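K.L.:
Okay, here's what each chain looks like letter by letter:
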Amino acid sequence: MDKILEVKDLHVDFDTYNGVVHAIRGVNFHLNAGETLAIVGESGSGKSITVRSILQLLASNATISKGEILYHGDDLLQKNAKEMDNLRGNKISMIFQDPMTSLDPTMTIGKQVAEPLLIHNNVSKKDALKRAEEVLRLVGIPNPAARMNDYPHQFSGGQRQRIVIAIAIVDYPEILIADEPTTALDVTVQAQIIDLLRELQQKIGTSIIFITHDLGVVAGIADRVAVMYAGRFVEYGSVDDIFFNPQHPYTWGLLDSMPTLDTNEDARLNSIPGTPPNLLDPPAGDAFAPRNAYAMQIDEEQQPPFFQVSKHHFAATWLLHPDAPKVTPPAGILNRYEKFKKLGGNAK
Amino acid sequence: MTKYILKRIFYLFLTLFIIASLTFFLMKLLPGTPFSNQNRMSPDQLKIVKAQYGLDQSVFVQYVRYMGGLLQGNLGTSFQFNNEPVTALIGQRLAPSMQIGAQAMVVGTVFGILLGAVAAIRKNTWADTLATFVSILGLSIPSFVLAVLLQFYLAYKWRIFPVALWDNFQSSILPTIALAALPLGTVARFMRTEMVDVMSSDYIELAKAKGNSSWKVVTKHALRNSLIPVVTIIGPMAVSVMTGSMVVENIFSIPGIGEQFVKSITTNDYPTIMGLTIFYSFLLIIVYLIVDILYGLIDPRIRLGNGGKE
Ligand SMILES: Nc1ncnc2c1ncn2[C@@H]1O[C@H](COP(=O)(O)OP(=O)(O)O)[C@@H](O)[C@H]1O
Ligand SMILES: [Mg+2]
Numbered sequence: 001m002d003k004i005l006e007v008k009d010l011h012v013d014f015d016t017y018n019g020v021v022h023a024i025r026g027v028n029f030h031l032n033a034g035e036t037l038a039i040v041g042e043s044g045s046g047k048s049i050t051v052r053s054i055l056q057l058l059a060s061n062a063t064i065s066k067g068e069i070l071y072h073g074d075d076l077l078q079k080n081a082k083e084m085d086n087l088r089g090n091k092i093s094m095i096f097q098d099p100m101t102s103l104d105p106t107m108t109i110g111k112q113v114a115e116p117l118l119i120h121n122n123v124s125k126k127d128a129l130k131r132a133e134e135v136l137r138l139v140g141i142p143n144p145a146a147r148m149n150d151y152p153h154q155f156s157g158g159q160r161q162r163i164v165i166a167i168a169i170v171d172y173p174e175i176l177i178a179d180e181p182t183t184a185l186d187v188t189v190q191a192q193i194i195d196l197l198r199e200l201q202q203k204i205g206t207s208i209i210f211i212t213h214d215l216g217v218v219a220g221i222a223d224r225v226a227v228m229y230a231g232r233f234v235e236y237g238s239v240d241d242i243f244f245n246p247q248h249p250y251t252w253g254l255l256d257s258m259p260t261l262d263t264n265e266d267a268r269l270n271s272i273p274g275t276p277p278n279l280l281d282p283p284a285g286d287a288f289a290p291r292n293a294y295a296m297q298i299d300e301e302q303q304p305p306f307f308q309v310s311k312h313h314f315a316a317t318w319l320l321h322p323d324a325p326k327v328t329p330p331a332g333i334l335n336r337y338e339k340f341k342k343l344g345g346n347a348k
Numbered sequence: 001m002t003k004y005i006l007k008r009i010f011y012l013f014l015t016l017f018i019i020a021s022l023t024f025f026l027m028k029l030l031p032g033t034p035f036s037n038q039n040r041m042s043p044d045q046l047k048i049v050k051a052q053y054g055l056d057q058s059v060f061v062q063y064v065r066y067m068g069g070l071l072q073g074n075l076g077t078s079f080q081f082n083n084e085p086v087t088a089l090i091g092q093r094l095a096p097s098m099q100i101g102a103q104a105m106v107v108g109t110v111f112g113i114l115l116g117a118v119a120a121i122r123k124n125t126w127a128d129t130l131a132t133f134v135s136i137l138g139l140s141i142p143s144f145v146l147a148v149l150l151q152f153y154l155a156y157k158w159r160i161f162p163v164a165l166w167d168n169f170q171s172s173i174l175p176t177i178a179l180a181a182l183p184l185g186t187v188a189r190f191m192r193t194e195m196v197d198v199m200s201s202d203y204i205e206l207a208k209a210k211g212n213s214s215w216k217v218v219t220k221h222a223l224r225n226s227l228i229p230v231v232t233i234i235g236p237m238a239v240s241v242m243t244g245s246m247v248v249e250n251i252f253s254i255p256g257i258g259e260q261f262v263k264s265i266t267t268n269d270y271p272t273i274m275g276l277t278i279f280y281s282f283l284l285i286i287v288y289l290i291v292d293i294l295y296g297l298i299d300p301r302i303r304l305g306n307g308g309k310e
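Residue numbers (UniProt numbering), protein chains in the order written: chain A, 1 to 348; chain B, 1 to 310.
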């Protein structure tokens with residue numbers, strides 16, 4: 001498989017009134033051609049900052065203090081403003097979280113969808129608009145020809161997100177970054193948007209980085225999943241690895257707080273107790289330790305390295321160290337291990 | 001949109017009618033009489049003169065007559081100023097006032113927008129500080145003080161511009177600057193605040209993510225959206241420029257309407273006061289109408305007049 005994107009040891013700092021916030025603290029991952037990588041984690045864990053670093057769309061008080069972002073082997077952090085402009089919306093494009101505010105309220109949607117084509121390709125306005133109309137049809141806007149000259153406020157939230165998606169794919173990007181594209185939408189529309197993204201991926205063969213704080217939507221779209229906590233990845237693997245053979249206690253917590261088909265309406269969700277650490281002064285050990293019922297002495301003192309669980313499955317927890325005591329995960333996780341065995345996996 | 005404009009034009013006439021009526025009755029309450037030599041006139045003479053101007057009739061009859069004339073575009077004849085028709089009086093003095101007023105509005109708005117935009121884009125740099133300083137100066141120095149200062153230094157001391165003379169374009173520059181300072185400061189402040197907001201909005205982020213250069217992000221997306229609220233203050237600004245011009249015209253000896261207005265009030269020249277009031281109101285209402293139409297053109301959410309098809 002081709003690695004089209006590789007992020008190495010990424011560090012991002014924010015200069016704030018209270019001091020320097022170390023928001024991203026050494027993130028490593030890669031994206032294979034044609035796959036969908038989901039990044040999950042509670043809000044504030046650094047998912048958006050990680051992907052914005054790729055396009056260098058960070059706030060003015062942000063600095064990428066360390067790391068490499070290799071796109072086909074080329075470090076994007078070494079590119080100048082013009083070279084980055086040429087990549088954005090063309091090779092790598094982005095869908096933002098809130099469709100209600102992502103569209104320019106004073107520009108017709110036809111023009112907004114055609115804009116990336118006009119920026120990056122030598123096409124006439126007429127051809128660009130024609131193509132925009134096709135793409136609007138592709139993303140499921142009914143009767144697009146009649147709606148090209150309408151403005152964003154004339155569309156519903158779900159339709160607006162479809163338009164935002166149309167903008168992102170109009171120039172056939174190699175990489176599509178979707179930053180919580182369904183969070184602001186209601187559940188039925190969420191499912192439609194996920195279906196749409198999957199369908200588009202098959203049609204245009206783009207690779208997707210899909211960000212969410214909701215593990216529930218991951219299974220429907222991702223090939224691989226990375227779990228993020230306090231500016232670092234704590235576990236990554238295939239969807240089956242993460243859902244049925246999770247190793248990091250934080251992943252356990254996320255899975256346990258996820259509503260499943262069998263949880264009835266009023267069943268109480270277990271959300272993980274406690275709050276994430278203050279990244280003005282990041283902890284020396286595992287950042288999850290204070291909230292971790294399975295934490296050991298070493299978790300307080302030393303950052304756990306990644307331990308390999310299976311070929312593509314890694315988790316950064318001292319529990320995987322050969323000398324660590326055996327612990328019994330929560331009941332919900334044990335059930336998952338059972339399913340994993342049935343799937344033919346080799347659960348711990 | 002057409003229906004909306006027709007409705008607005010109807011309200012325009014209604015407003016004018018009310019203003020004309022109010023002014024008429026208020027003016028009747030002004031102390032003194034329009035005849036400067038009244039003391040030396042015999043009662044008979046006075047009667048004849050009053051009859052000549054229709055002042056012997058009841059206030060109501062005078063009102064009806066005046067409004068009738070108004071409908072035909074007739075603002076009556078001046079008591080002073082050689083009995084000239086008020087429309088002619090206004091006409092003669094309109095050009096200089098309109099010229100400096102319009103120049104000041106254009107200069108103030110255009111430079112205000114530029115200044116505010118630069119301040120917003122270069123937020124928290126020396127350019128922002130400088131722009132903020134200039135706009136606060138513009139906001140806080142009254143136009144007549146600026147007029148006196150400009151006249152003293154640039155015209156009287158350094159002789160770059162003519163002193164108190166009205167002939168060519170050059171003589172309109174100083175009064176234009178004096179009047180433009182306030183709109184410039186106001187627009188710049190507004191523009192900066194709005195544009196800072198707009199620049200941090202999601203759609204600007206998306207515009208960047210599309211691959212727009214910084215310049216295109218500003219010109220294609222940020223400017224237009226930042227202009228929406230700026231348009232709303234053009235109306236009130238026009239008012240302040242017009243009122244400011246009365247004093248500024250005086251300082252630069254510009255034969256404009258402002259000067260005439262002051263004179264007509266001190267001499268109880270009823271028809272001229274009425275005419276000028278109605279004329280100013282008309283102008284202002286037109287300005288507000290244009291502003292609203294502009295607003296609709298810039299902001300589609302208003303133009304289409306519905307809340308969307310959600
Ligand atoms: N402009 C900023 N200034 C200071 N800190 C920031 C800024 N943006 C983000 N951060 C910090 O980075 C962390 C990660 O943010 P983000 O990537 O948006 O989280 P997520 O997308 O996972 O919800 C936040 O918890 C916050 O502390
Ligand atoms: Mg986020």
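Please keep in mind that the hints were generated in silico from the structure rather than gathered at the bench. These figures come from a predicted structure and were not determined experimentally. Think of the CB as a built atom: it goes at the ideal place given N, C-alpha and C, for glycine as much as any other residue. Just so you know, not all the hints are guaranteed correct.
As the list claims (entries may be wrong) - Restraint-style ranges between C-beta atoms, simulated for each label pair:
#, chain 1, residue 1, chain 2, residue 2, range
1, A, Asn-80, B, Arg-8, 21 to 29 Å
2, A, Pro-105, B, Arg-8, 19 to 27 Å
3, B, Arg-8, A, Gly-220, 46 to 54 Å
4, A, Pro-105, B, Leu-114, 17 to 25 Å
5, B, Val-106, A, Lys-126, 48 to 56 Å
6, B, Leu-223, A, Asn-80, 31 to 39 Å
K.L.:
Which numbered hints does this structure break?
P.N.:
Violated hints: 1, 5 and 6; rest satisfied.
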